[in-house]
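A.B. asks: Here are the chains, one letter per residue:
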Amino acid sequence: MSSIRLDNLRKEFGPVVALKSLSLEIGDGEFAALLGPSGCGKSTTMNMIAGLEMPTAGSIYFGERPMNGVPAGKRGVGFVFQNYAIFTHMSVFDNIAFGLKVQHKAEAEIRREVQQVAELLHLGDLLSMNAGRLSVNDMQKVALGRSMVMRPRIFLLDEPFSNLDAAFRFYMRGELKRIQRDIKQTMIYVTHDQVEAMSMADKIAVMDYGILQQFGSPDEIYNYPVNTFVARFIGSPSMNFIPCSYQVENGQGCLVQRQGTIRLPLDERRQQLIAGHNGGDQLILGIRPEYLRLHDQSHPEAAWSGQVYALEPLGSKTIVHLQVGQEILQVAAPADCRPAVGITQWLEYNPAHLHIFAGATGQVIR
Amino acid sequence: MAQPKSWQFFGRYLLIIIITVLALFPVYWMVGMAFKPKAEWTSATGEIYWLPQQPTMENFTTLLTEYRGQFFRGNQTSALPAIINSVIVSVGGTLLALVIGALAAYGLSRFNTDSGDFPFYIALGRLFLLVLALMPFMLVMAWFDIVNRWYGIIPLILIGIVLDYVIGGLMARFYTRGPVGNLAFSILQLRMFPPIAIIIPIMIMWSALNMIDTWYGLVIIYGVVTLPFVVWLMKSFFDDVPRELDEAAIVDGASYWGTFFKVVLPLVKGGLASTALFVFILNWSDFLVALLLTSSEWATIPVFLNRLVTAETGQQHGPRAALGLIAAIPPVVFGLMIQKYLVRGLTFGAIKK
Numbered sequence: 196m197s198s199i200r201l202d203n204l205r206k207e208f209g210p211v212v213a214l215k216s217l218s219l220e221i222g223d224g225e226f227a228a229l230l231g232p233s234g235c236g237k238s239t240t241m242n243m244i245a246g247l248e249m250p251t252a253g254s255i256y257f258g259e260r261p262m263n264g265v266p267a268g269k270r271g272v273g274f275v276f277q278n279y280a281i282f283t284h285m286s287v288f289d290n291i292a293f294g295l296k297v298q299h300k301a302e303a304e305i306r307r308e309v310q311q312v313a314e315l316l317h318l319g320d321l322l323s324m325n326a327g328r329l330s331v332n333d334m335q336k337v338a339l340g341r342s343m344v345m346r347p348r349i350f351l352l353d354e355p356f357s358n359l360d361a362a363f364r365f366y367m368r369g370e371l372k373r374i375q376r377d378i379k380q381t382m383i384y385v386t387h388d389q390v391e392a393m394s395m396a397d398k399i400a401v402m403d404y405g406i407l408q409q410f411g412s413p414d415e416i417y418n419y420p421v422n423t424f425v426a427r428f429i430g431s432p433s434m435n436f437i438p439c440s441y442q443v444e445n446g447q448g449c450l451v452q453r454q455g456t457i458r459l460p461l462d463e464r465r466q467q468l469i470a471g472h473n474g475g476d477q478l479i480l481g482i483r484p485e486y487l488r489l490h491d492q493s494h495p496e497a498a499w500s501g502q503v504y505a506l507e508p509l510g511s512k513t514i515v516h517l518q519v520g521q522e523i524l525q526v527a528a529p530a531d532c533r534p535a536v537g538i539t540q541w542l543e544y545n546p547a548h549l550h551i552f553a554g555a556t557g558q559v560i561r
Numbered sequence: 002m003a004q005p006k007s008w009q010f011f012g013r014y015l016l017i018i019i020i021t022v023l024a025l026f027p028v029y030w031m032v033g034m035a036f037k038p039k040a041e042w043t044s045a046t047g048e049i050y051w052l053p054q055q056p057t058m059e060n061f062t063t064l065l066t067e068y069r070g071q072f073f074r075g076n077q078t079s080a081l082p083a084i085i086n087s088v089i090v091s092v093g094g095t096l097l098a099l100v101i102g103a104l105a106a107y108g109l110s111r112f113n114t115d116s117g118d119f120p121f122y123i124a125l126g127r128l129f130l131l132v133l134a135l136m137p138f139m140l141v142m143a144w145f146d147i148v149n150r151w152y153g154i155i156p157l158i159l160i161g162i163v164l165d166y167v168i169g170g171l172m173a174r175f176y177t178r179g180p181v182g183n184l185a186f187s188i189l190q191l192r193m194f195p196p197i198a199i200i201i202p203i204m205i206m207w208s209a210l211n212m213i214d215t216w217y218g219l220v221i222i223y224g225v226v227t228l229p230f231v232v233w234l235m236k237s238f239f240d241d242v243p244r245e246l247d248e249a250a251i252v253d254g255a256s257y258w259g260t261f262f263k264v265v266l267p268l269v270k271g272g273l274a275s276t277a278l279f280v281f282i283l284n285w286s287d288f289l290v291a292l293l294l295t296s297s298e299w300a301t302i303p304v305f306l307n308r309l310v311t312a313e314t315g316q317q318h319g320p321r322a323a324l325g326l327i328a329a330i331p332p333v334v335f336g337l338m339i340q341k342y343l344v345r346g347l348t349f350g351a352i353k354k
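Sequence lines, in order, name chains A and B. For the first sequence, the residue numbers in our numbering are 196 to 561. For the second sequence, the residue numbers in our numbering are 2 to 354.
So that you can see chain B by itself, here it is in the shape it has in the complex (with noise of 0.2 Å):
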C-alpha cells in the first residue's frame, strides 16, 4: 500500500476523532451525570457543569433506597431488583436461544439439503399465504371462545407450524418449481414482523397464559425473539468448520452429540461468545417487550429508568445516570472477557482449503 499523504493521513485522523467524539459525548455525559449533585445536573444554576463540581454519589444512594409513604417524599422503590431482573431475564433468555439456536443451527449446516436463492417476494408470499391459511383457524377458536386460553393458542402455534410447512411445499411444487426458502429461512422470517407489530398479541397471548409479569415470560419471549439471529450466526460459524472434522469423529466411533459437544463446539467457541454477547445486549437493553410484559415485580433496567419521575420531584437525571452507568457494566465486562475471541475464530488453520 502507498504512503498516505499527509493531509490524507490528517484528514483521516480527524474524522476518526469527529466520529469518536459524538459517539463518546453521550456516555460521557452519563458518567459525569451519575456523580453530579442535583443542583449540577438540574438547571437550577443555568449553568452547564462538563464536569462534577462537587462529586458525590448522592445518585446512587437515592437510586438504591426505598420508602414508602413518607411525608413530602412519596414513595421509591429501589432500582435493586430491577437490576437483578434485568441479569436474571437477559442472561435466561440468552441461554435459552443460544441452546436452542446453537443446536438448529448445527443441524442446518450439517444436515439441512433444501437450500438455494429465491426470490425475496417468494418469502413473503410465503408469510402471506401462513397468515391466510391461518384465518379460518382463528374465527373457529372466537367462535369457540378460546383464543385467549392455553388450549387455543398452544395449538394454533402448532397449526401454524404445520401450515408453514405444507405452503413451502405445495409452493416448491406447482409454483417454484425450485427452492422456496427452508426451515433456516422460515426461522429468519420471524423477523419479518417488526416487533411492536406483534407484541399486542404476544401480550394477550401472555396474558391467558399467566405468563405476564412472570421470569419465565421474559426469558421465554427473549428467547424467541433472538433465536432467528442465533440460528443465523451460528450457521455461518458452523459451515466453517470443515464437515471432515465431524466425519473424522464419526468414523472413530463417536455419536453425534459427541461430535457436537467435543470436536465442533469447543472450534466455536469463540463464535458462540461473540453471539451471546451480541443476544445478550439485544436483550438487555430491551425496553418495549418489558414494558408490555411486566408490571411491578418483574420490571427491567430500561423500563425502571423510564419510572424515575415522580410529582415531587420531577425528572430524575441523575439517577438515570447512575442506573444508566450501572446498566452499561455487564456488556462492557463480557465484552472484555471475550475480547480475544472476538477477534478471530479458532478454526483457523484446522484444514487446508
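Looking at chain A on its own, in the form it has when it is part of the complex (with noise of 0.2 Å):
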C-alpha cells in the first residue's frame, strides 16, 4: 500500500512523443481510472509506473521513494493486463503461485495464499486445471488472482474487463470495487469506457494527446469538466456543443447561435465573466442532454423550438434528436416520450448547467 506521485513524466517513442508532462498525485489506498481514447498514453504511463519502460523524462515516487531505476520486479506491483497473458503451459495452481515461487516462499505457504487467493476469486474448484483450457473470464480471474497473491503495494489494471462478456463484466467490476475496498489497495485502472471509471473509481485523470486533462472525483469530472473534450468524452449520450457568440441587447447580455436561431440570456456573473474575457465572438455553449426538458406546446420556460429528427429509445430513456435552427441537440426525454419524427417541440433547458467554453482553446469559461 502506498501513495503515487507521477513528476512531470515525459516518454518519446523515437520521434513519436507518447506523452508529454504527465503530474499525479494518487493518495493511499485511493481507486483511481485512466480515462482515455486509444493512444492518449495511458498504457504508456502504466507501464513506466510498473517499470517495464523507461521515462524520457520525469520521476514517479511511490510514497517518498523514487522509482527511477528500480527494476520491474522490486517494485512490488501488480500488473492485469487487457489480454490476460496467463501461461497455458501451467495449472491454474502454478499460474497463481508463480510470484511466489519465484520469490521462493516455503511450499505449505504458497499452498495456503494460493488457496486463500482462489477462494476470493471463487476459483477454487479449477486449481488443477490446466489454464489453457480456461473460459475467457475464469483466465481473467486467473491473472488477477497471481497479481493479487504477491500483495502488491499498488495494483495497476490495464484495460482488464474489455474482453470479457458484458455481463461478467458488470459482475467483475462489482467485485473489483469489493476486493479493492477489503483489500484497500492502491489501483490505477486504465479504461478508455466512462462507464467503468464513472463507476469504480474514486479520482479520474482523463488524458488525451499524451497530455492530462483534468484530475478529479467522477462528479467533479461530470458536472465541473474543464474543457470541450472532458465535457465531450465525459457522459452519454455526449454533450451538446453550440457555437455562439456574446451580444448585448438592451442591457441584457445574451449568447447567440451563429445564425441567431437560438439566444441564451445570462445571469449577471456569467456576463461579467464573458466581458472579462476577450474573444467573446467565439464561444461554445455546452449543455447535457439530461439538463433539456421538451414541452409539447409552447411553455413559458421553453426558450427554444425545434423540429424532431430522430428518436432512440434506449428502454430507461428515449433519447430525442431535435433540430433547432442548424444544429442537432440531443435531448434525454422519459421512457415514454414518443414525439412523431418531424412535429416541433418546444425545449426547456436548466441554466445552473450550462457551460461555456472558449471557442479557440476549448477551455471552460467560469
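Accuracy of the hints is not assured; some may be wrong.
[What the hints assert, rightly or not] A few chain B positions that, by computed beta-carbon distances, are all more than 12 Å from chain A:
id: 1; residue: Ile20
id: 2; residue: Pro137
id: 3; residue: Gly315
id: 4; residue: Gln316
id: 5; residue: Gly336
id: 6; residue: Leu337
[Unchecked claim] Below, simulated DSS-like cross-link-like pairs (lysine-lysine); rule was C-alpha separation at most 30 Å, straight line:
id: 7; chain 1: B; residue 1: Lys263; chain 2: A; residue 2: Lys269
id: 8; chain 1: B; residue 1: Lys270; chain 2: A; residue 2: Lys300
id: 9; chain 1: A; residue 1: Lys296; chain 2: B; residue 2: Lys263
id: 10; chain 1: A; residue 1: Lys296; chain 2: B; residue 2: Lys270
id: 11; chain 1: B; residue 1: Lys263; chain 2: B; residue 2: Lys341
id: 12; chain 1: A; residue 1: Lys296; chain 2: A; residue 2: Lys372
id: 13; chain 1: B; residue 1: Lys263; chain 2: A; residue 2: Lys300
id: 14; chain 1: A; residue 1: Lys300; chain 2: A; residue 2: Lys269
id: 15; chain 1: A; residue 1: Lys269; chain 2: A; residue 2: Lys379
[As the list claims (entries may be wrong)] From chain B, some residues computed to sit far from chain A (all C-beta separations above 12 Å):
id: 16; residue: Ile101
id: 17; residue: Ala105
id: 18; residue: Asn149
id: 19; residue: Ile155
id: 20; residue: Leu289
FYI, nobody ran anything at the bench for these hints, they're computed from the structure. Computed from a prediction, not measured in an experiment: that's the story for all the values here. For every residue, glycine included, the Cβ atom is placed at its ideal position computed from N, Cα and C.
Starting from two chains that each stand alone, build the complex the way the hints lay out.
C.D. replies: Given below as C-alpha cells:
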C-alpha cells in the first residue's frame, strides 16, 4: 500500500511523443482511473509505473521513494493485462503461485496463499486445471489472482475487463470494487470506457494526446469539465455543443447561436465572466442532454423550439434528436416520450448546468 | 467450399498419386536393394528385380564387418564408427546451434529495435564493403605470416564483427538514413555465401586451428552454418509469444533468465522441436563439409557412403543401400516423436489477438 506521485513524466518513442508531461498524485488506498481514447498515453503511463518502460524524463515516486532505476520485479506492483497474459502451459495453481515460487517461498505458505486468493475469486474448484483450457472469464480471474497473491503495494489494471462478455464484466466490476475496499489497495485502472471509470473510481484522470486534461472525482469531472474534450468524452449521450457569440441586447447579455436561431440570456455572474474574456465572438455553449426538457406546446420556460429529427428509445429513457435551427440537439426524455418525427417541440434548459467554453482553446470559462 | 466435380476429384488424386510415387520410388528402391543379395543388385543376371527374390541381411553384415589385409579382399572398415560419428557431430552441431540460436533469437525478438525494410542491394553492398575493409587486415596478416595461425584467425574474426557493425552504422547515418539491416540480418547474411564458396578458406582455418578430423571441428562448423536458420525460425516463434507474458512474469519478480526458461521457452517447445529436426536433417545429410574437414577418423555416414567402392568389389550398391536405410532411421524416428508439435504451436489461445 503506497501513494503514487508522478512528476513531469515524459515518454518518447523515437520521434513519437507518447506522453508529454504528466504530473499526478494518487493517494494511499485510492482507486484511480486513467481514462482516454486509445493512443492517449495511458498504457505507456502504466508501463512506466510498473517499470516495464523507462521514462524519457520526469520521476515516479511510491510514497517518498523514487522509483526511477528500480527494476520492475522489485517495485512491488501487480499488473493485470488486457489480454490476460496467463501461462497456458501451467495449471491454474501454478499460474497463481508463479510469483511466490520465483521468490522461493515455502511450499506450505504458497499453498495457503494460493488457496486464499482462489477462494476470494471463486476459483477454488479449478486449481488443478490446465490454464489453457479455461474460459476467457476465468482466465482473467486467474490473471487477477496471480497479481493479488503477491500482495502488491500498487495494483495496476490495464483495461482488464474489455475482453469479457458484458454480464461478466458487470459482475467483475462489482467484485473488483469489493476487493479493493477489502484490501485497501492503491489501484490504477486504465480504461477507455467512461462508464467503467465513473462507476468504479474514486478519482479519474482524463487524458488525451499524451496530456492530462483533468484530474478529479467522477462528480467533478462530470459536472465541471475543464474543456470541451472532457465534456464530450464523459457522459452518454455526450454533451450538446452550440457555437455562439456574446451579444448585448437592451442591456441584457446574451449568447447567440451563429444563425441567430438560439439565444440564451445570461445571469449577472456569467455576463461579467464573458465580458472579461476577450474572444467573446467565439464561444461554445455546452449543455448535457439530461438538463434539457421537452414540451409539447409552447411553454413560458421553454425558450427554444425545433423539429424532431430522430428518436433513440433506450428503454430507461428516450434520446430525442431535435433540430433547432442549424443545430441538432440531443435531449434525454422520459422513457414513454414518443414524439412523431418532424413535429415541433419546445425546449426548456436548466440554467444551472450550462457550460461556456472559449471557442479557440476549448477551455471552460467559469 | 463447393463440392468438387468428380473429374476434378479424380484429377486431383491422380496428381497426388503420381507425385507420391515419384517421391517414394527412390525410397522403395533403396529399401528393396538393401535386402537383395549381390546377384540381384548388380546387373550380373541382366534382369531387374523389383523385389528381393531371396531376401538377405548380407549387405548389412558386409557393411558392419571389418577386415584388414585379407588375400583377394583387401581392407574394409566397418560403417559402425561412421554411424556413431554422424550421431555425435550432428547432435552436437544441432545442440550448439539451438542453444546459441534460441538465446539470440529471444534477444532479437524482445530487445532489438533496429529493424525495418531495406532493399536487398543495401545488404549486399554492406557485405561487399566488409570484404573490402577486411582486405588490408588480411594483407598485414599475410605480411607477418600469421594467416594460418590461431592468433591470426581469431583476431580477424573479431575485427570482422566490429567492422560490420561500424559499416552498418556509417551506412545508416550517411547513406540510407534508415535501416541497413540489423544484427538479425547480419546473422542471416552468413547464409548469403554458398557453403562451397567458403569451405576452402574454412578448411585452411580449421587446419591452422588443428580442428581437421576432430569431432569438435565438425560440431563447431555445423553449429555455425545452421545458426542462422535457428535464429530466424526461433525468432518467428518467439515473436508469436505475446510480450505481455514476459512482462507479467517480470512484474511478478522473475528474472530475464527465469522468464525465458519458465515462461517463454515452454511455450515455444513445439517450435524448438521442429527447428531442431530441420537443423538435424541439414547436419545429418551434409556431405561437402564433412568430406573436406575429415580425413579418416571422424568420417560421417555421407562420407563413408562415398567410400563404399574398392578395386576388387567395384561399386558396393547393396551395402550403400543398407547404410542409406540405417541413415534414414534417426530423422524418421525424431520426426514421429515430435509429430504433434509439427502440427501446431502451443501458444494458441494464450492471448486474445
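A.B. asks: Now tell me, hint by hint, if it's right for this structure.
C.D. replies: Hint check:
1. With 12 Å as the threshold on Cβ separation, the claim that Ile20 (chain B) sits away from chain A holds: the shortest Cβ distance comes to roughly 37 Å.
2. Residue placement check: Pro137 (chain B) keeps its beta carbon more than 12 Å from all beta carbons of chain A (closest about 36 Å).
3. For Gly315 (chain B), the condition that its CB be more than 12 Å from all CB atoms of chain A holds, with the nearest at approximately 56 Å.
4. The Cβ of Gln316 (chain B) sits about 52 Å from the closest Cβ of chain A, beyond the 12 Å cut-off, so the non-interface label holds.
5. Look at Gly336 (chain B): its CB is around 23 Å from the nearest CB on chain A, clear of 12 Å, so calling it non-interface holds up.
6. Every beta carbon of chain A lies more than 12 Å from that of Leu337 (chain B), the smallest distance being close to 23 Å; the non-interface claim holds.
7. Taking the CA atoms of Lys263 (chain B) and Lys269 (chain A), the gap is about 19 Å. The hint holds against a cut of 30 Å.
8. For the proposed pair Lys270 (chain B) and Lys300 (chain A), the alpha carbon gap of about 28 Å is at most 30 Å, so the pair holds.
9. Distance check on the hinted pair: Lys296 (chain A) and Lys263 (chain B) sit about 11 Å apart at the alpha-carbon level, within 30 Å; holds.
10. Distance restraint check for Lys296 (chain A) and Lys270 (chain B): the Cα-Cα separation of roughly 22 Å lies within the 30 Å cut-off, and the hinted pair is therefore satisfied.
11. The hinted pair formed by Lys263 (chain B) and Lys341 (chain B) meets the criterion: a straight-line CA distance of about 21 Å does not exceed 30 Å.
12. Pair hint Lys296 (chain A) plus Lys372 (chain A) holds up; C-alpha atoms about 28 Å apart against a cutoff of 30 Å.
13. The straight-line distance between the Cα atoms of Lys263 (chain B) and Lys300 (chain A) is roughly 17 Å, inside the 30 Å bound, and the hint therefore holds.
14. Only pairs whose Cα atoms come within 30 Å are accepted, and Lys300 (chain A) paired with Lys269 (chain A) is accepted, the gap being roughly 16 Å.
15. The straight-line distance between the Cα atoms of Lys269 (chain A) and Lys379 (chain A) is roughly 21 Å, inside the 30 Å bound, and the hint therefore holds.
16. Every beta carbon of chain A lies more than 12 Å from that of Ile101 (chain B), the smallest distance being close to 24 Å; the non-interface claim holds.
17. For Ala105 (chain B), the condition that its CB be more than 12 Å from all CB atoms of chain A holds, with the nearest at approximately 22 Å.
18. Every beta carbon of chain A lies more than 12 Å from that of Asn149 (chain B), the smallest distance being close to 46 Å; the non-interface claim holds.
19. For Ile155 (chain B), the shortest C-beta to C-beta distance to chain A comes to about 36 Å, beyond the 12 Å cut-off, and the non-interface label holds.
20. Under the 12 Å C-beta cut-off, the non-interface status given to Leu289 (chain B) relative to chain A holds; the minimum distance is some 40 Å.
Every hint from the earlier list agrees with this structure, and none is contradicted.
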